[in-house]
Amino acid sequence: MITVEPQRLHLQPGQKVLDLGCGEGRHAIYLWLSDAVDVVGVDLNFTDVRTACDRARPFAENATPPGRLLLGVADGQQLPFADNTFDVVICSEVLEHIEDYRGLLAEIDRVLKPAGVFSASVPAFFPEWICWRLSDEYHQVEGGHIRIFRERVLRGSIEDLGHRLYFRHKAHALHSPYWWLKCLLWHKPESRVLAAYHKLLVWDMMQKPRLTRVLERLLNPLLGKSIVLYFVKPRDCETAGAEYPRAGASVAVEGRS
-17 MITVEPQRLH LQPGQKVLDL GCGEGRHAIY LWLSDAVDVV GVDLNFTDVR
33 TACDRARPFA ENATPPGRLL LGVADGQQLP FADNTFDVVI CSEVLEHIED
83 YRGLLAEIDR VLKPAGVFSA SVPAFFPEWI CWRLSDEYHQ VEGGHIRIFR
133 ERVLRGSIED LGHRLYFRHK AHALHSPYWW LKCLLWHKPE SRVLAAYHKL
183 LVWDMMQKPR LTRVLERLLN PLLGKSIVLY FVKPRDCETA GAEYPRAGAS
233 VAVEGRS
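Residue numbering for the sequence shown follows this note's numbering, beginning at -17 and increasing consecutively.
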């Protein structure tokens, strides 16, 4: 399930992309398979990174992806990359877990090239607020959400670094009712209603029927589970313009021949 829309990133062949907080690799693997770019996915959770590697391996063995991919463990607040390394940085569903999220944003700004693209997504305020009201366990579990972002606060924090917003949207409206049910039935995980809704979501993700795709687009502005923001970093000593990053040099990662 992709939250960040790849077409909004304006990717060019040979660019370097960082998926910060890649988890089990959904965005990193998708971009590796769909675009001729060099993708680096990092996460602090070793188990998630290992799962991402396991998911990527069959594609590397049985196909020739257009991109190249490197997955590894790294601390997002102390990234092992030089300044101005990446043309594009994705940070999806991560910032709500981080105490010093402004410090993480500053580190993203450091490794992002001038005129580079940065996309951040976090849980949207209204659906997340309902989850918190329905269940304390939802956000008190280890590694859970520690804040509910208001869009204007997150946007302001990124714009304070000089970045300019050029697009925004909400995503995954059909997932909001599922999480409300999950929170309401937190102590009844065997619920048939919950299982049926989960089955519906899996079917929707796999089959992508037109009816549910149209329905979700209509519901996203109100019920979208995530808010997704897209920014362009200014050039040195200039205000960011409409031009997007040019192709960068390749990095030594595995995948593309």
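Worth double-checking, as some hints may not be accurate.
Claimed, not checked - Below, in silico cross-link-like pairs of lysine-lysine (DSSO-like), each with a Cα-Cα straight-line distance of 27 Å or less:
no. : residue 1 : residue 2
1   : 181       : 170
2   : 164       : 181
3   : 164       : 190
Claimed, not checked - Derived CB-CB ranges, DEER-like:
no. : residue 1 : residue 2 : range
4   : 149       : -17       : 16 to 26 Å
5   : 193       : 65        : 24 to 34 Å
6   : 190       : 48        : 39 to 49 Å
7   : 16        : 217       : 38 to 48 Å
8   : -16       : 193       : 16 to 26 Å
9   : 166       : 204       : 36 to 46 Å
10  : 183       : 111       : 20 to 30 Å
11  : 170       : 66        : 47 to 57 Å
12  : 204       : 148       : 14 to 24 Å
Keep in mind the hints are simulated off the structure, nothing from the lab. These numbers come from a predicted model, not from an experiment. Glycine included, C-beta positions come from ideal geometry on N, C-alpha and C.
Tested hints:
{"no.": "1", "hint": "181 - 170", "in the structure": "holds, 17 Å"}
{"no.": "2", "hint": "164 - 181", "in the structure": "holds, 13 Å"}
{"no.": "3", "hint": "164 - 190", "in the structure": "holds, 23 Å"}
{"no.": "4", "hint": "149 - -17: 16 to 26 Å", "in the structure": "holds, 20 Å"}
{"no.": "5", "hint": "193 - 65: 24 to 34 Å", "in the structure": "violated, 48 Å"}
{"no.": "6", "hint": "190 - 48: 39 to 49 Å", "in the structure": "violated, 22 Å"}
{"no.": "7", "hint": "16 - 217: 38 to 48 Å", "in the structure": "violated, 28 Å"}
{"no.": "8", "hint": "-16 - 193: 16 to 26 Å", "in the structure": "holds, 20 Å"}
{"no.": "9", "hint": "166 - 204: 36 to 46 Å", "in the structure": "violated, 20 Å"}
{"no.": "10", "hint": "183 - 111: 20 to 30 Å", "in the structure": "holds, 21 Å"}
{"no.": "11", "hint": "170 - 66: 47 to 57 Å", "in the structure": "holds, 51 Å"}
{"no.": "12", "hint": "204 - 148: 14 to 24 Å", "in the structure": "holds, 23 Å"}
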